[in-house]
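Asker: Next come the chains, spelled out residue by residue.
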Amino acid sequence: MKHTQMRGSRSDHFTSFLSIFVCPRACRPNWLIQRATALVIAFCVCILFVCGNASHIFAFSLTFFVFVHLYMGLQEILADYIHHEITRDLVTLLLRIVIFILIKYACVFLVVPTT
Amino acid sequence: VLFCTSSVCILSKSDCRQVPHTPPFNYSVQHTMKFFSHTNDHSNVSCVNSGTNLNTNRPLSPHLTIYTPQLTSTLSIFHRISGAFLALSFLTWFAVFQCCNLYLTFYPIYSTIMLTTQYFIYHAYFLFLCLTALSYHLTNGIRHLLWDCGLFLDLSSVYASGIIINIIGCALFTFMVVQLHNL
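Residue numbers (the numbering used here), protein chains in the order written: chain A, 1 to 115; chain B, 1 to 183.
Keep in mind that a hint or two might mislead.
Every beta carbon over 10 angstroms from chain B, so not counted as near; a handful from chain A, in silico [as the list claims (entries may be wrong)]:
1. Arg-35
2. Phe-49
3. Ile-57
4. Ser-61
5. Phe-109
Here are the in silico distance ranges between beta carbons for each label pair [as the list claims (entries may be wrong)]:
6. Phe-64(A) - Ser-76(B): 23 to 33 angstroms
7. Tyr-105(A) - Ser-156(B): 41 to 51 angstroms
8. Phe-43(A) - Leu-183(B): 18 to 28 angstroms
Sample of chain A residues at the chain B side, in silico, Cβ under 10 angstroms [unchecked claim]:
9. Leu-39
10. Ile-47
11. Leu-70
12. Tyr-71
What the hints contain is simulated information worked out from the structure, not anything from laboratory work.
The beta-carbon is built from N, C-alpha and C at its ideal position, and this holds for glycine as well.
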């Protein structure tokens, strides 16, 4: 957020316009949501270690939180190591699309288990 | 594998008050001006004083190539590496075996596996590598959550908790291997 507000001093208007159009906020994920999902995943994994069995709702919530946590971690890594703005926004957008499609498949797989 | 590196750091008795043995780059006025200027323009700027271009790949936050390896920095970078490894392996597994409906009677799977595993001989240990990364990431994530609550932020408690989570992670790994064997 600070990253996007500080931009645009020397002839950077077209770049900032494109990056705002592609990715409306900065690529940094929310700090609190990442920690909250980590806490939920740790709690669920501890319950799995103790019980060793999972219901459908439990597996669905665990898969959803795992996907959100995974998406935020990958987004943070990409935001750290990709320096160019348009490349960073494009890669995070592609990651967002891929995660969305995989969450859709996870929901279908958990509702209708085929294997 | 992950715990051996941190034990090497423990045995080398390195503390965080060490100065870096090599300077990161040639300091100049333009570097400091660029550091405080808050612009993202990394291109079209060349350093006149040292004669080098600023658009080089400068080292990033854990500074692996500059500082000597310590316990805290090693645990930090392995937290990130194990998280990325777990994420990519989970995404690959899920995308290949759950989404794409790759049946096990599909012949090109075996041809690609035969062609690719010539270079990865130890693919049988991939599950154990995943379990190691999972146990390490779980325990170190709990330590990070405790830090975010404001606990254990002293230097001595940081080192002590690093050693303790290594021990707990080894115990968790053996527990998971035993559970997997019982299945």
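Asker: Would you mind marking each hint as holding or not holding in the structure?
Answerer: Now for the hints, and whether the structure bears them out:
1. A beta-carbon of chain B comes within 10 angstroms of the beta-carbon of Arg-35(A); the shortest separation is about 6 angstroms.
2. Not every C-beta of chain B lies more than 10 angstroms from that of Phe-49(A), the closest at about 8 angstroms, which undercuts listing it as non-interface.
3. The beta carbon of Ile-57(A) is kept farther than 10 angstroms from every beta carbon of chain B, the shortest such distance being approximately 19 angstroms.
4. No Cβ of chain B comes within 10 angstroms of the Cβ of Ser-61(A); the nearest lies about 16 angstroms off, and the non-interface call holds.
5. Distance check on Phe-109(A): its Cβ comes as close as 5 angstroms (rounded) to a Cβ of chain B, failing to clear the 10 angstroms threshold; non-interface status is violated.
6. Judged by the Cβ atoms, the range 23 to 33 angstroms given for Phe-64(A) and Ser-76(B) holds: they are separated by roughly 28 angstroms.
7. The beta-carbon spacing between Tyr-105(A) and Ser-156(B), approximately 47 angstroms, falls within the hinted interval of 41 to 51 angstroms.
8. For the pair Phe-43(A) and Leu-183(B), the supplied restraint of 18 to 28 angstroms holds, since their beta-carbon distance comes to about 23 angstroms.
9. Of the supplied interface hints, the one on Leu-39(A) holds, with its beta-carbon coming within about 6 angstroms of a beta-carbon of chain B, less than 10 angstroms.
10. Interface hint status for Ile-47(A): violated, as the beta-carbon distance to the closest one in chain B is roughly 13 angstroms, over 10 angstroms.
11. At a threshold of 10 angstroms, the smallest CB-CB gap from Leu-70(A) to chain B is about 4 angstroms, leaving the interface hint in force.
12. Given hint, Tyr-71(A) at the interface with chain B, holds; its Cβ is 9 angstroms from that chain's nearest Cβ, closer than 10 angstroms.
Hint check: violations occur at hints 1, 2, 5 and 10; the rest are consistent with the structure.
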